[in-house]
Amino acid sequence: MKSEIPLTTEPQPLKKHSAFAGYFKWIQLMNMVTKIVAGVMLCVMSIVVFGSVMSRYFANLSWAWVEEGAVYLMIWIVALGASLAVNAKHMIAVEAVVMLFSRPLWRVAKTAVIVLSVAFLVTLIVVGYNMAALASDQISITLPWLSLFWVYLSIPVGAFMMTLNMIATLIEIWSEPEVKE
Amino acid sequence: MTPIVGSGLLFFIFLSVPIALALGLASAVGILYIGDIPLQVMAQRMVNGVGHFTLMALPFFIFAGYLMEQGGISRRLIQMVSAFVGHRTGGVAIVTVLSAMLFSSISGSGSATTAALGSILIPAMIARGYSKPFAASVQATSGELGIIIPPSIAMVIYGIATDTSIGDLFMAGIIPGLMIGFSLVVLTFFLAKKKGYQGVEKASWTERWKALRESFWALLMPIIILGGIYTGVFTPTESAVVAVVYACIVGFFIYKEINWTTFKKAVNETLVTSGMIMFIIANASIFSWVLTREQVPQKMAALFASFSADPFVFLLLCNIFLFFVGMFFDASPAIIVLAPILTPIALTFGVDPVHFGLIMTVNMAMGMITPPVGVNLFVACKIANISMESMMKDLIPFWLVIVANLLIITYFPQLSLWLPNILK
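Going line by line, the protein sequences match chains A and B.
1 is the number of the first residue of the first sequence in our numbering; add one for each residue after it.
1 is the number of the first residue of the second sequence in our numbering; add one for each residue after it.
Keep in mind the hints are simulated off the structure, nothing from the lab.
Among these hints, one or two may not hold up.
Unchecked claim - Taking lysine-lysine and the DSS-like style, the derived pairs with C-alpha atoms no more than 27 Å apart in a straight line are:
1) B/Lys382 / A/Lys25
2) B/Lys382 / A/Lys89
3) A/Lys89 / B/Lys265
4) B/Lys382 / A/Lys110
5) B/Lys264 / A/Lys89
Given only the sequences and the hints, what does the whole structure look like? Please build it.
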């Protein structure tokens, strides 16, 4: 029944399950680092774009690299933010049908969802890395020191972190039989 | 190939695969089926689909929205509206609609509008003895104005997907947005009168003046955002970043409600929400590339043309189709996938792309309050702590008013096009 946009996006604490406690600890650490890195990127992007608006308006100066650089930052923010969204169980999905399933069937359906998702994400890791390698001899037009490799790298990195968070969700589904999400 | 990709997509979606990944999976199936294209094209389409400077308006508007929520701007707007009309019959409900109209002119998202205002107003309505389903219905319905009254995330996406001027789309949303808002005020008034819902105590003019002065900085915001775009000072992206900085300044230094903790919270929510929406856009870009390569738009155009050559019938068919889409899909994925397909067809029927953008936006806004999947219903139910089923009876009149508005907007293009045209 839900297309999930909860009111707060505080990531839910990952349940400590004895066998997987170590895995969850690493995931939590990874997500914390992601949050800091992506948060700094968001602030830098805002400041740079705002600065360029002001400098153009007041000093009639504009820099071509601002737009391109900000767009590359945004691509990274999306890749990292999407991984945080998986962790916060914030991906929009149509739950109307699987809600009608019995508890065991629901769990099977959810497992299938995660298996399919992970299959896609792993494909993205591979093709994203291939694409990055192909693009490594292309350089940014306005930022001549930047190879497009670093832009395309956001896809395999984001997909890899999403995969790890998806696996954490799968473990949660199988380790808490009583609570229905 | 098209049936395989299409049925694949529906299967993944109804299995509850997240929309973004369902789009990506279906595209991958399509690319593998075509056979002669390397899968790297997916990575390339994703980066191309997201890497627009114009699209940056999206994370900025989302960021500004969370900063305003944390900074106490939404609360001051509500207090100001309440001081003026809160004492009338059904006062709190009318305040809900009017505050939603004001808040929509600084927020670009329907669910954010519902959440920011609903967390204050739904409990206020319940406390005055309004029924929970009624309170949730008023809030969910008026929250959809978030994407109709500019700025609007849905319109930014439509503008990018179809190469239509976002400034024109924003302008086109003003009159339809006001029309929907005021028709909701009238409906709310009559329903409240019938149910005997009272207003709050009447505020004195001193109190009104104080509330107005306190909300001054909040009311200045839409003027900066929209004024900046129309005078040509800012592009939509730049106006969005100005909104971020403005919300920061007001929140940190004037209202002093944002501190390091609430700022971090706003940053986190922005990362999660924009990551989620823009990852959908990235995957939808692969999907629409596959559809375009298979000439689906041309096939769809031929299909529509075989029904009728009459624009009246075409728009009716579009509305019915978009209604079913809106039942299950959120505005962003629906628009990014369907706009590039439907808008060229609309052009051949002589429909203006700006007007068509409005039709799509209002349809998707209606989808937010149409079960079984309606994001505003979900948010409002969660705040009111009721089930979605229990609010259906109270929702019907609101829903019908939106349908009536949608038909008026569809068949009177002047309502949308007059304002952008005189401002050119």
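Going down the list of hints, with the structure as the test:
Taking the CA atoms of B/Lys382 and A/Lys25, the gap is about 31 Å. The hint is violated against a cut of 27 Å. For a cut-off of 27 Å, the pair hint linking B/Lys382 to A/Lys89 stands: about 16 Å separates their Cα positions. The hinted pair formed by A/Lys89 and B/Lys265 meets the criterion: a straight-line CA distance of about 17 Å does not exceed 27 Å. At most 27 Å may separate the alpha-carbon atoms for a hinted pair to count; B/Lys382 and A/Lys110 meet this at roughly 23 Å.
Between B/Lys264 and A/Lys89 the alpha-carbon distance is near 19 Å, which keeps this suggested pair within the 27 Å criterion.
When the structure is compared with the earlier hints, a violation turns up for hint 1 alone.
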